[in-house]
Amino acid sequence: MDASLQNALAQARADYAEIHLERRATTQIAYVGKELEDISQFSSVAGSVRALVKGGWGFVSFHSLDDLPHRVRMACEQAAMVGQTESHLAPVPPAVARVVQATVATDPRQVPLADKEALARRYNQRILAHDHVQTSSVRYRDAAVQSTFVSTEGAEVEQEAVFCGMAVAAIARDGANVQRAFKQVGDLRGYPICEGLDDECDRVVERAVALLAAEPVQGGHYTVIANPVLAGVFAHEAFGHLSEADFVYENPQLAEIMQLGKRFGPDPLSIVDDPTLDGMAGSYRYDSEGTPARPTALIKDGILTSRLHSRETAARMGEEPTGNARAITCEYPPIVRMSNTYIEPRDWEFGDLVADTGDGLYACGSIGGQTDMEMFTFSAEEAFLIKDGRIADRVREVVLTGNVFETLANIDAIGNDLEFLGGLGGCGKEGQFPLRVSTGAPHIRIRNCLVGGR
Amino acid sequence: MPVDRLLELASRHADAAEVFFEETESRPVQFENNRLKYIHTKNRRAASVRVIANGRIGFASTTDLSDPARLVAQAMESAQFGQEAKLAFPGPAPMPSVAVHDPAVVSFAIERGVELGRDAIATVLVAYPDVLCSVEISKWLGHSRLANTQGLDVASDATAFECYISALRIHDGGLLWVGEGESSRALVHDIERYTAKIVSDIRQAETESAPPAGAFPVLFTAKAMGLLLEIIQTAVNGKLVQKGASPLVGRLGEQVADARITLADDATRDYGDGSEPHDGEGTPSRPTPLLEQGVLRHYLYDLQTAGVMGTETTGNAVRGFAAPPQPDATNLVLSAGDDPVADLLTGIERGLLVDDVIGGGQSNVLAGEFSVNVGLGYLVEGGQVHGRVKDCMVAGNVFELFSRIRGISNVQETHGAIVTPAVCFDAVSISAAE
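Chains as they are written, first to last, in the working numbering: chain R, 781 to 1234; chain F, 31 to 464.
Just so you know, these hints were derived from the structure itself, not from any lab.
Virtual Cβ for every residue (Gly too), placed ideally from N, Cα, C.
A hint or two may mislead.
As the list claims (entries may be wrong) - Pairs of lysine-lysine, DSS-like flavour, derived with a Cα cap of 25 Å:
| id | chain 1 | residue 1 | chain 2 | residue 2 |
| --- | --- | --- | --- | --- |
| 1 | R | Lys1209 | F | Lys72 |
| 2 | R | Lys1042 | R | Lys1080 |
| 3 | R | Lys834 | F | Lys227 |
| 4 | R | Lys814 | F | Lys116 |
| 5 | R | Lys1042 | R | Lys814 |
| 6 | R | Lys1209 | F | Lys67 |
| 7 | R | Lys834 | F | Lys72 |
| 8 | F | Lys67 | F | Lys227 |
| 9 | R | Lys814 | R | Lys1209 |
Stated by the list, open to error - Facing chain R, from chain F, some residues (calculated, C-beta under 10 Å):
| id | residue |
| --- | --- |
| 10 | Lys72 |
| 11 | Gly85 |
| 12 | Phe89 |
| 13 | Ser96 |
| 14 | Leu101 |
| 15 | Thr153 |
| 16 | Leu155 |
| 17 | Val156 |
| 18 | Arg223 |
| 19 | Pro314 |
| 20 | Val348 |
| 21 | Ala352 |
| 22 | Ser365 |
| 23 | Ala366 |
| 24 | Ile388 |
| 25 | Ser401 |
Unchecked claim - Quick list of simulated restraints, FRET-style, between CB atoms:
| id | chain 1 | residue 1 | chain 2 | residue 2 | range |
| --- | --- | --- | --- | --- | --- |
| 26 | R | Glu1186 | F | Ala245 | 25 to 33 Å |
| 27 | R | Asp1127 | F | Met339 | 24 to 32 Å |
| 28 | F | Gly412 | R | Pro1075 | 17 to 25 Å |
| 29 | F | Arg35 | R | Gln905 | 33 to 41 Å |
| 30 | F | Arg35 | R | Pro874 | 36 to 44 Å |
| 31 | F | Leu282 | R | Arg1074 | 52 to 60 Å |
| 32 | F | Glu236 | R | Pro874 | 47 to 55 Å |
| 33 | R | Pro873 | F | Asn63 | 51 to 59 Å |
| 34 | R | Pro1075 | F | Leu155 | 19 to 27 Å |
| 35 | R | Asp911 | F | Met339 | 20 to 28 Å |
| 36 | R | His1001 | F | Asn63 | 44 to 52 Å |
| 37 | R | Pro1075 | F | Gln180 | 54 to 62 Å |
Chain R with its partners taken away, still in its complex shape (with noise of 0.2 Å):
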């Protein structure tokens, strides 16, 4: 460890000051339709310095790495300007580590550039073969990071995470008519995921095609199964937010409804947050404050168990600090953030659930979804109407919203077959986009589920 960090440290006036440097190489390719419209490299150097004065922060970064000492002054000026009371942070041994994390098959960074864009060639005319599509969006990223960290309180900790992801859509078009669908794959395992995609294209092409034919569904209430990459978006978006103890720690009506022990669904609703998974798109070591990663049971078995926190949020809430502090690079203060979440798997087979339901709505994959803790979005890739415990008729805009709280309490069965999705978006918070996360869950089944539609 470079000992100029500590040095710089050193002279900090502050209850608590640290150090983040940051290297960072990406390659992105893109093709979109017929043209390779960006194939480039990326590279960047950048820091930070974080203090923490009297319960107010400063945060200063930087690409200029000159004069550290200079950039630890300015921060801890800002957070004197800004503090007023005392300083929270709830302890963490200081960590001292060095971890390098391997990816456990082929580095993206030992691929030749002619490779990657082959590959993603390959895909691209593979989509644009087909009828019927008008044109085509393929895209790959690879991105490696290596960070330090070091605090006034002793943590040193050295870290690598190497992503690699790859996004395949397909647009349809007939007419004013325009359908898109995409696959996406992106997470910390490597170059292989990326390879072997040429099927995913088909099937994507095939759902594009199918959507032009679509009858927008009809607005109003349904049963919905959601198939697992929507339900796990559901369960980011529509309560994972809220378990993030930065909205609830100074908020006491929020903190009353987000009363640990409280009943947020039924018996066999279970969802977890583990950002110490091998190798996927949200795990991680170590937080940005040093702190250790380890999964955090937010609901079990229906009741509301524990929320992720910040040292700041857990030594203001007196809780256990879980090592969600997270930033999407340096050049963020680390704030409360998912990592890998989760709904726990259960009993039901999916065709058994799919009959079942009677008559209800199928909605699968996830454009998008936006909460503002109380009322959520998600918009459905494709969807189909169930009949008579079959699935019907393919539709389309399908658009769910309702009441977080109830749709929770709505969920009445849970499949046996847990699904992760990483990818090359990512979540966005308070202006920190994307953060690179998962999202997990098996079928789920929710009564009462109002559709938006024409």
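Using the hints, position chain F against chain R.
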């Protein structure tokens, strides 16, 4: 300066080259839950190189200025695979005079930001002591330089100022979020206006009304119009048009909206959020009519996309941080109509007033579709605004809606890079909880 060195290095290897350097500082003051929480200083800088070599385009970027040779080598490597160049970098040209630098932003003291934030929160709390406010007040200073092997060399200094206030109220077990603010290249002097709007929103939302379900008139405020105009912005993007993915492909000269709709892209507005004297490739800025009396006139292009389409750039090359230029809108300006907002409301027998939505941009935007939860909206009945509606979605197709206009307000408002009046549409689909 790295620009000269990079251009010199790149011109040795490439047939043509362009170098862009950008250095910015932003200083946000951030209040959370009614108290001052963070003061930030963010310094960023990046250099990027775009080359044309053997007729192909290459690009690379970095924040690490220590190794210019490596950056050029990466751009050259990228050009081995890159798209066939259909552009020539532009030479020097006279640029329009566009105000993008406000000395009042430069001299704005962080301490003043702290005071303004405290005042704003105090004002809201006097009216509603149970509310939790967040405030962000931020100044931004930027310097950039763009040079190419055709002799173009333009430097620009710009400022930006942002203030945003949001309030969360938990009342009778329900949540209400309201947010207001402005971003501009000039200092925002009347933050009080936004604080007052927050207070009046909370007051208006205190009573709840049941939303109608079915097809009814909906008045979108200027703030909510962003949802719809951003869908049109996507449809006129030259890149999507080139790919054939825009629903407006091949419709230049056609009536695609009501004759009262006139929409333009305009980077030349003084202090506009998206204003620049020239675009990210050095093309002089100019206004571009998009819809004139409902007739589609132009798509928005950068040099390469225009080259592929055999047309001219509209000066709409926009660069993200350390990213290659892409066509995009600058400031979108929808012309004002003839109707006072009060008349638009009076004309609604039963319908909605929508001021804020949740879930914008998540539907099939390429087809012009939207389907959003009404984050903040009110029942309108007998021409009067009643209580807040919750648990309610509005959905439709923007191109169909823009042909079903009841009226357009005679007052424009600026919301970031969108300048628009409020617009009232007929027969918008509303779904609501039972």
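Which numbered conditions among the earlier hints are violated in the structure presented, ordered from lowest to highest?
Hints 3, 5, 9, 11, 15, 16, 17, 18, 19, 20, 22, 23, 27, 28, 33, 34 and 36 contradicted; others consistent.
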